[in-house]
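Q: Here are the chains, one letter per residue:
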Amino acid sequence: MKKNSTALRARATRATPATLALLAAVALLAAPGALASEAKPLPKELPPFGPDRPLPVPTIAQSTLPNGLVVWLVPRPGFPKVSAVLAVRGGTAVDPAGLEGIGELLARTVNEGTAKRTSRQIAEDLQAIGGEMNVRAGDDAVVIASSALATGAARLLDLVADVAQRATFPKEEVELAKGNALQELAAQESTPEFLARKAFASAVYGSHPYHVVAATREVIGRTTPELLKKEYARRFRPDQALLVVVGDLSEAATKTAIDRAFGAWKGEGAPLPETPPSPPARGREIYLVDRPGSVQSTLMVGRPGPKATDPGYYDALVANTIYAGAFGSRLVQNIREEKGYTYSPRGGFNTYREGSLLQTRADVRNEVTGATLLEVFYELDRMAATKPTADELAQAKRYQTGLYLLRNQIQGAVAGTLAANWVNGLPPETLAGFVPKIDAVTAAGVEEAGRKVFLSGTQTVVVVGDATAVRPEVSLFGPVKDLQP
Amino acid sequence: MASAPIPAGLEVPFVTERLRNGLAVVVAPLPGVPVVTVDVTYDVGSRVEEPGRTGLAHLFEHLMFEGSERVPKGEHARLVTSAGGVFNGTTTEERTNYFATLPAEALELGLFLEADRMRALDLTQENLDRQREAVKEEKRLRIDNQPYGLSFQEADSLAYESFAYRHPVIGSMEDLDAASLADARDFHRRHYSPANALLCVTGDVEPAAALQAVREQFGELPARERPAPVEVVEPPPAGERRLSVTDPHALFPALHLDVKAPPRRHGDLLALAYVEKVLGGGESGRLWRRLVKDEERALSLSISVDERRGPSLLRVFAIARDGVGLDLLEREIREDLARVAGDGLSPREMERARRMLEADAVRALQTSQSVAFVLSEYGLYDGEPGLFRDDLGRLLSLTAAEVRDAAARLLRPEAYSVVEVRPGAEGTAGAEA
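Heads up: the protein sequence lines correspond to chains X and Y, in order. Per this note's numbering, the very first residue in the first sequence carries number 575; after that it's consecutive. Per this note's numbering, the very first residue in the second sequence carries number 1158; after that it's consecutive.
Chain X with its partners taken away, still in its complex shape (with noise of 0.2 Å):
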């Protein structure tokens, strides 16, 4: 189902391929049982897939302005639109101690009033270019994001600029951002996912900075403008910034105006310290967050992987495809469409600079945990021990090189891959090296992926849920630390 809007407008979700991908799942979850197990034969008159097209190379067209700012510009034109994208270094992982989260925070209100413009003048000269701007902190930096009518394209890039330089974090835009954080807040703790998230992480970084999943109550009630000055200053510098801009623009008419809103822009003191290595995998731990009267359990599964520069990445990547990161992947056909354990298993990859996280999730109920598990550990091992079939390898790459081309149709996620690119330390090149990279994965390199980060061992594993209940059942796989939520 879904609700009318207007045809023109339709863009109530801004549905990116992500979300699409999501809807799917979601249709096809409420339909449990869609899939039939037994095996049945193709259909004969099955069309075959056309000549491989590859993904048309982007000119990108690099540069650094005298400040250290480094620009990627992506001329794409014909479509009257811009994205511009700045990533500064510094996420929650360089957050001073005691102030655990504060990154969000600056995120929240960077851009709620500068020296120049209020609040709402920066809404309102977003609205005449037909511009929107989100501000996102992550692990390793703050992102903010940001399109416009091509027509508005300095314009857009003067806004940019301005609250990359002169934000001034007003009083009464802080303490409405810390109201609506504490609401959030508050609303996330009451679900088993977040509290299943914020253990695991602990469990998976201890002390490392990557351990930060949220910024506590107290970590917010701290938060004043004066110490988000002081970290925008630590952070927002031209030296440790990327600008990206996408879109229907020209090459020195973009430069001029860079120039223009950026040249000026001037940093201080000591660089950010650079976050230390991910840890290594800690094998298996086994931690258990009570939740009383929980009918469900929520487990997560994982361990630290390879960084994105490093051989084997793509390996691994379409390892977790195969294993349990798409429809059809062994673990969903195992415990979803075979034993009918949960409809939600999913089996995630994220990147950060210092590496990446395994991690799968699923929510099972209380009296399939150990036997939900099992599979688990199972299907990791399985990974290790044996080499995918030629049909498996095909379709996981094809479902990787797919959804990248789909993400590529919309210029701000054109503009948001390079810069997370850069973020996880790899060159503007890697946009249309993705897909030859994927092409060439091997059975063999699945395989070595397999013993070198999925074996059930070398896990950590999060049980949130009615411990009374499946104590007994995740006891059976070791002994069971017990974790306050």
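What the hints contain is simulated information worked out from the structure, not anything from laboratory work. Incorrect hints may have been included.
[Said to hold, decoys possible] Some residues of chain X that are not near chain Y, with every Cβ distance over 12 Å (derived):
no. : residue
1   : 625
2   : 960
3   : 975
[Said to hold, decoys possible] With a Cα cut of at most 30 Å, we get these calculated BS3-like pairs of lysine-lysine:
no. : chain 1 : residue 1 : chain 2 : residue 2
4   : X       : 881       : X       : 913
5   : X       : 829       : X       : 803
6   : X       : 690       : X       : 804
7   : X       : 829       : X       : 840
8   : Y       : 1450      : X       : 745
9   : X       : 804       : Y       : 1450
10  : X       : 803       : Y       : 1293
11  : X       : 913       : X       : 961
12  : X       : 961       : X       : 1026
13  : X       : 881       : X       : 745
14  : X       : 803       : X       : 690
15  : Y       : 1450      : X       : 913
16  : X       : 690       : X       : 913
17  : X       : 1026      : X       : 1011
18  : X       : 745       : X       : 690
19  : X       : 752       : Y       : 1450
20  : Y       : 1450      : X       : 690
21  : X       : 690       : X       : 881
[Unchecked claim] Short derived list, chain Y residues pointing at chain X, Cβ under 10 Å:
no. : residue
22  : 1189
23  : 1240
24  : 1259
25  : 1269
26  : 1373
27  : 1376
28  : 1453
29  : 1505
30  : 1520
31  : 1524
Idealized CB from N, CA, C, for every residue including glycine.
Position chain Y against the provided structure of chain X, taking the given hints into account.
A: Relative to chain X, chain Y alone:
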């Protein structure tokens, strides 16, 4: 109302063809990324449903994923996903659509899957029973157990006279239970014929080759009669309507204020888009700013135009902050609507709204899938996909005087329907005329 040229880059060239069996085909080549969208829209939505038979159109959307003669159950999802594509289906009051976006080399696969289920859907009692339960679960999950979920249905029922729009797309539990296999077969025969559908292919395709592929997959489907069109016509609004309901899932009181408006493509409805932008504007409009941000009276406020082939609605929905009365919230909203009807919008507001509407159109035309949605709607409802350009030109050239006059015609209390939602045990607290 004058029309105007549309911004360069938004023309979207396309070709059309009607197959002998009546299937309308639109192909739009979009340069750039090698992906393709295959989108089939059937002219069947909940508006065609009769009392006692509600929910069938949406239930059918589920049944269409249960397999067809040459595509075993479950294979549709597996084939699209393992080709690197995504898919879905949606049902509204107006139509049901099915779409997949795939790497361009999988165009023929996408066409094959749609042709097979248009021709020979595998309708069995088992599939019907399973999907009926899935829909009931969806209703419980997404409507019955969501805060304010049912109140949107109450608001529709209050605003409309005709059964076509008074009943919810998801249908009622009783009607879903009563749907028989014979009903489902009859539904497919009547509504899922080539002549009642439009196939749109957008993306990295060569039009002649794509049309040839379409003819090969759909050309042999037998022609069937197209059902008689359903017109939804309502008497002019004759007085404000009010309803008060309770919602056990709501934490805070909320208010729906809906304004009855003309059908899609009507000039006055286009003008309401400016009102929506200036007042709501995706969290930066003046009413949003006043109620949510500056005065902190509302937790949220959304304004949207629910555009339909029959009478449309301007919808305002606001959730009150703790301790703020609904009467106060309602007064503020009504005053601002009255101000627009009286004074119109300022030149600067008009200009900002115009740029936002232009940017919305740009965003609505930026992917093969969103282009397919636009062309399919105009192609199916109006028989001419290119009319979207006319509407965009008309929309962007509206003047402040035209918007003010349209607002004065539409934003009148006798066209309002107001639903007050209060936290509390289930049930409707009472209705007033």
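Q: Please go over all the hints and tell whether each is borne out by the structure.
A: Results for each hint:
no., hint, verdict
1, 625, "6 Å, violated"
2, 960, "20 Å, holds"
3, 975, "6 Å, violated"
4, X:881 / X:913, "34 Å, violated"
5, X:829 / X:803, "29 Å, holds"
6, X:690 / X:804, "19 Å, holds"
7, X:829 / X:840, "18 Å, holds"
8, Y:1450 / X:745, "14 Å, holds"
9, X:804 / Y:1450, "26 Å, holds"
10, X:803 / Y:1293, "51 Å, violated"
11, X:913 / X:961, "23 Å, holds"
12, X:961 / X:1026, "14 Å, holds"
13, X:881 / X:745, "40 Å, violated"
14, X:803 / X:690, "16 Å, holds"
15, Y:1450 / X:913, "50 Å, violated"
16, X:690 / X:913, "61 Å, violated"
17, X:1026 / X:1011, "19 Å, holds"
18, X:745 / X:690, "16 Å, holds"
19, X:752 / Y:1450, "13 Å, holds"
20, Y:1450 / X:690, "20 Å, holds"
21, X:690 / X:881, "41 Å, violated"
22, 1189, "7 Å, holds"
23, 1240, "6 Å, holds"
24, 1259, "7 Å, holds"
25, 1269, "5 Å, holds"
26, 1373, "9 Å, holds"
27, 1376, "14 Å, violated"
28, 1453, "8 Å, holds"
29, 1505, "8 Å, holds"
30, 1520, "5 Å, holds"
31, 1524, "5 Å, holds"
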